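For what it's worth, our numbering labels the leading residue of the sequence shown as 1, then goes sequentially.
Quick list of the computed label-pair ranges, beta carbon to beta carbon: (1) ARG16 / ASN85: 27 to 33 Å; (2) THR18 / ALA83: 19 to 25 Å; (3) TYR105 / ARG24: 19 to 25 Å; (4) ARG24 / SER103: 19 to 25 Å; (5) ASN55 / ASN85: 28 to 34 Å; (6) ARG24 / ASN85: 17 to 23 Å; (7) SER103 / GLU76: 20 to 26 Å; (8) TYR105 / ARG16: 32 to 38 Å.
No lab work stands behind these hints: they were computed from the structure.
A quick note: this is a predicted structure, and the numbers were derived from the prediction, not measured.
Ideal placement from N, C-alpha and C gives every residue a C-beta, glycine not left out.
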Amino acid sequence: MSIFNTQVRQMGYFGRNTVSTGNRNDLIIQQGLGNVNRANGNGGNDVFLMQGVGNKNIANGGAGNDLFIIRGAGNEQIANGGAGNDTFRVAGNGNLVRIDGGSGYDTLSLEGQGPWHNFGSNTSRLRLYYNPATRSFVSAKSIEQANR
Numbered sequence: 001m002s003i004f005n006t007q008v009r010q011m012g013y014f015g016r017n018t019v020s021t022g023n024r025n026d027l028i029i030q031q032g033l034g035n036v037n038r039a040n041g042n043g044g045n046d047v048f049l050m051q052g053v054g055n056k057n058i059a060n061g062g063a064g065n066d067l068f069i070i071r072g073a074g075n076e077q078i079a080n081g082g083a084g085n086d087t088f089r090v091a092g093n094g095n096l097v098r099i100d101g102g103s104g105y106d107t108l109s110l111e112g113q114g115p116w117h118n119f120g121s122n123t124s125r126l127r128l129y130y131n132p133a134t135r136s137f138v139s140a141k142s143i144e145q146a147n148r
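Work out the full structure: start from the sequences and follow the hints.
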């Protein structure tokens, strides 16, 4: 995924923050301290950097092959891939990370420490990567392919 010809959007810091983009390839940085930080990618191949420390960080990819990098330390991190072949990289210390890949063939990589669970209704389409260096544990069902 090229970052050239990409529109960059950054979330606000306090309160309820929402960013919605069009059908371009966007880089959306969620680093707010607010109660709810919501980013809607809509169309295009978007990159979401979820590093907020707020109560709830929500990213909705929409159509396109999106990349979600979840590093947040907030109470709840929610990533919804939508249509397309999406990639989710989780390296945060959030209390709860919920991932729903949506339609397409989606990839999940757990790269940090934390209690990951509740992956949504489409877990049969996720490829699961386990990082033994961090002793990350994932509980999921109906995984078609698991890679180490």
